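A.B. asks: Next come the chains, spelled out residue by residue.
2 protein chains.
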Amino acid sequence: MKWEENVRKVVPYTPGEQPQKAGIIKLNTNENPYAPAPGVARAMAELDAERLRLYPAFPEKTDLAKALAAHYHIGTDQIFIGVGSDDVLSMIFMTFFQSDKPVFFPDITYSFYDVWADVYRIPYETKALDSDFLIRPEDYKQPNGGVIFPNPNAPTGEVMPLTMVEEIVKNNRDVVVVVDEAYIDFGGISALPLIEKYDNLLVVQTFSKSRSLAGMRIGYAMGQPQLIRYLNDVKYSVNSYTMNTTALVLGVEAVLDEAYFENCCKKIMETRGRAEEELAKRGFVFPKSCANFIFASHRSVPAREIFEKLKQNDIYVRWWNKERIENYLRITIGTDEQMEALYRALDQIV
Amino acid sequence: MKWEENVRKVVPYTPGEQPQKAGIIKLNTNENPYAPAPGVARAMAELDAERLRLYPAFPEKTDLAKALAAHYHIGTDQIFIGVGSDDVLSMIFMTFFQSDKPVFFPDITYSFYDVWADVYRIPYETKALDSDFLIRPEDYKQPNGGVIFPNPNAPTGEVMPLTMVEEIVKNNRDVVVVVDEAYIDFGGISALPLIEKYDNLLVVQTFSKSRSLAGMRIGYAMGQPQLIRYLNDVKYSVNSYTMNTTALVLGVEAVLDEAYFENCCKKIMETRGRAEEELAKRGFVFPKSCANFIFASHRSVPAREIFEKLKQNDIYVRWWNKERIENYLRITIGTDEQMEALYRALDQIV
Chain A
1 MKWEENVRKV VPYTPGEQPQ KAGIIKLNTN ENPYAPAPGV ARAMAELDAE
51 RLRLYPAFPE KTDLAKALAA HYHIGTDQIF IGVGSDDVLS MIFMTFFQSD
101 KPVFFPDITY SFYDVWADVY RIPYETKALD SDFLIRPEDY KQPNGGVIFP
151 NPNAPTGEVM PLTMVEEIVK NNRDVVVVVD EAYIDFGGIS ALPLIEKYDN
201 LLVVQTFSKS RSLAGMRIGY AMGQPQLIRY LNDVKYSVNS YTMNTTALVL
251 GVEAVLDEAY FENCCKKIME TRGRAEEELA KRGFVFPKSC ANFIFASHRS
301 VPAREIFEKL KQNDIYVRWW NKERIENYLR ITIGTDEQME ALYRALDQIV
Chain L
351 MKWEENVRKV VPYTPGEQPQ KAGIIKLNTN ENPYAPAPGV ARAMAELDAE
401 RLRLYPAFPE KTDLAKALAA HYHIGTDQIF IGVGSDDVLS MIFMTFFQSD
451 KPVFFPDITY SFYDVWADVY RIPYETKALD SDFLIRPEDY KQPNGGVIFP
501 NPNAPTGEVM PLTMVEEIVK NNRDVVVVVD EAYIDFGGIS ALPLIEKYDN
551 LLVVQTFSKS RSLAGMRIGY AMGQPQLIRY LNDVKYSVNS YTMNTTALVL
601 GVEAVLDEAY FENCCKKIME TRGRAEEELA KRGFVFPKSC ANFIFASHRS
651 VPAREIFEKL KQNDIYVRWW NKERIENYLR ITIGTDEQME ALYRALDQIV
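From first to last, the protein sequence lines are chains A and L.
If you read the first sequence in our numbering, its first letter stands for residue 1, the second for the next number, and so on.
If you read the second sequence in our numbering, its first letter stands for residue 351, the second for the next number, and so on.
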């Protein structure tokens, strides 16, 4: 068909499997095993459906923006809210990476970065992690069109110290640097305080992991007001209302209940500590994780084999058929019960 | 700042005002004055908040896609679901309008079209409506990179007969033609049956108007499976999960309750009929509307003056400071009570 000549052709991102089968143990997409804060259910019960006939409020004017601003001690004009951090990052690629020079990111990292670069026709160059899967800050000193990396990194779970993050930001004052902190609440230290010092820094976080709201799609970027204004200009050129009313209302509760939030993160970190012991006992090696998953390789059994056998046992973990990491599994930290089931299954496999 | 050189600069779309003040009469953004179907409130009450910790299902696999497919007698592979029709249309611009030739749309039309063209760097050419604000199909016979128009048109409310729509589609088999039917349920005839005949036709609709769910952000495109696949490829390159769980669940109820839907549309059309009489009585002229609004001009009082005086009375309508339409007001059809308040206010102004 002739009209196909005008089609933007892309190789889309492949998200993790979302099996709808009941009773499976789902450790493949880094969801939180605990329910969202109790206030979320309450807010949903109290929300008047009649309100849904009206367009949602602009996110920057909502209680959600106010709650985030109060929580992080920044202004509401320093926050951009989107449909999960994927929406926020996608807007960032479209807004800030309009250079002819390549955007830099690690070779082993969140596998959406090169997809966004492709869909928006942005040149990019990946920088190889060292043999311990760590970023080498000197790689980010060459001229570039922007820098983005997750911290903790995905799918390795390894965290970079703040001084190294700052070194990268400082060496790249001519471009926008994005620290993707999807997993920061599980033991890392956020680069957020650096936004006061660097007008080229954006810190991106999400409600999908530590706040147990993957199903509501809420992410946000924090930076100086000028960066946020540019992001909003592009966002308002794409869709005036990306955040629906339920997301704007329910999200508030997940921010306000700090005790619940901290307790969930603590439980996951404790379970992760035990998982490190149990996996090591069974012959796995893995870098130290500061995320809600462990990126593990077995000393003798190939990752693919373990991945498939676990799936036969209705336990889903994540595996990529990709250079350098094809012998690793990314295992989300579930509840203690889910992890026990995993260990029992592994005992049959390895 | 040097990093600003890499910023995509755009003139964003300006959405209608969303005053948060209580007690106002809001006839400015074409929201439905009636609550969503009762099933929506019920589904919200029954939704288990625990489910929100998980990523949402892929829209094409949900009951929402199934309900739409059943309602329109098409396959689930013929439907693309997005965050309001703005998200759907934005994806369509990005996906299908990659030609060097200009995309065609009317000069007086939904004011987002040129914004999307600008943000995605798509060349475009507007075609002037005739003096009765009608599309001239012969304008769309020149070589182009795609065609898009709303039917009924916005902000005029005028509907084009299906034979004329088909003429445009037939004359443009080499490009994708998009019929934006946001307002079709208020008396127009949908081009949907034509998708079986034309593999280059997309019909876009929304839950924001006739289904009273502007706050949930649900829109959809219908066309042959190949078009939907291309759209999904781009969508999955931007954000794997754009539709949150609440939207996917609540939307179903708005489709299933056909009696409620039809009754709401009927009430709005009846109120529109009375509004035509009342506005004519007060010296307004307007084209025949097949939408949930009337695009009206007063014989002697400038639109801007009426717009501002109504606002002082807490009645919001829409006015554009834009060539050819600067003497028109777009008045959403509200409840009978809201319209009575409008007529009383107009009696003081005109």
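Keep in mind the hints are simulated off the structure, nothing from the lab.
Hints may be right or wrong, so weigh each one.
Pairs of lysine-lysine residues, derived as DSBU-like cross-links and limited to a Cα-Cα distance of at most 35 Å, are as follows [unchecked claim]:
#  : chain 1 : residue 1 : chain 2 : residue 2
1  : L       : K411      : A       : K61
2  : L       : K547      : A       : K2
3  : A       : K9        : L       : K416
4  : L       : K659      : A       : K9
5  : L       : K352      : A       : K9
6  : A       : K127      : L       : K352
7  : L       : K451      : L       : K491
8  : L       : K416      : L       : K352
9  : L       : K491      : A       : K66
10 : A       : K197      : A       : K21
11 : L       : K411      : A       : K21
Note that the structure is a prediction, hence the values are computed from the model and not measured.
A.B. asks: Next pair to validate is K9 of chain A with K416 of chain L; report whether the Cα-Cα distance is within 35 Å.
C.D. replies: 27 Å, holds
A.B. asks: Is the Cα-Cα distance between K547 of chain L and K2 of chain A 35 Å or less?
C.D. replies: 16 Å, holds
A.B. asks: Check the hint pairing K127 of chain A with K352 of chain L against an upper bound of 35 Å on the C-alpha distance.
C.D. replies: 23 Å, holds
A.B. asks: Between K411 of chain L and K61 of chain A, is the straight-line Cα distance small enough, at 35 Å or below?
C.D. replies: 34 Å, holds
A.B. asks: Mind checking the alpha carbons of K659 of chain L and K9 of chain A for me, to see if they're no more than 35 Å apart?
C.D. replies: Violated, because 51 Å separates the two Cα atoms, which is more than 35 Å.
A.B. asks: Under the criterion that the straight-line Cα-Cα distance not exceed 35 Å, is the pair K411 of chain L, K21 of chain A satisfied?
C.D. replies: 13 Å, holds
A.B. asks: Taken at face value, is the distance from the CA of K9 of chain A to the CA of K352 of chain L at most 35 Å?
C.D. replies: 32 Å, holds
A.B. asks: Check whether the Cα positions of K451 of chain L and K491 of chain L lie no farther apart than 35 Å.
C.D. replies: Cα-Cα ~13 Å, so holds.
A.B. asks: Does K66 of chain A sit within 35 Å of K491 of chain L, going by the straight-line distance between their CA atoms?
C.D. replies: Not OK: K491 of chain L and K66 of chain A at ~52 Å, beyond 35 Å, violated.
A.B. asks: Does K21 of chain A sit within 35 Å of K197 of chain A, going by the straight-line distance between their CA atoms?
C.D. replies: 48 Å, violated
A.B. asks: Taken at face value, is the distance from the CA of K352 of chain L to the CA of K416 of chain L at most 35 Å?
C.D. replies: Roughly 50 Å between the alpha carbons, so the hint for K416 of chain L and K352 of chain L is violated.
In this structure, the hints that do not hold are numbers 4, 8, 9, 10, in rising order.
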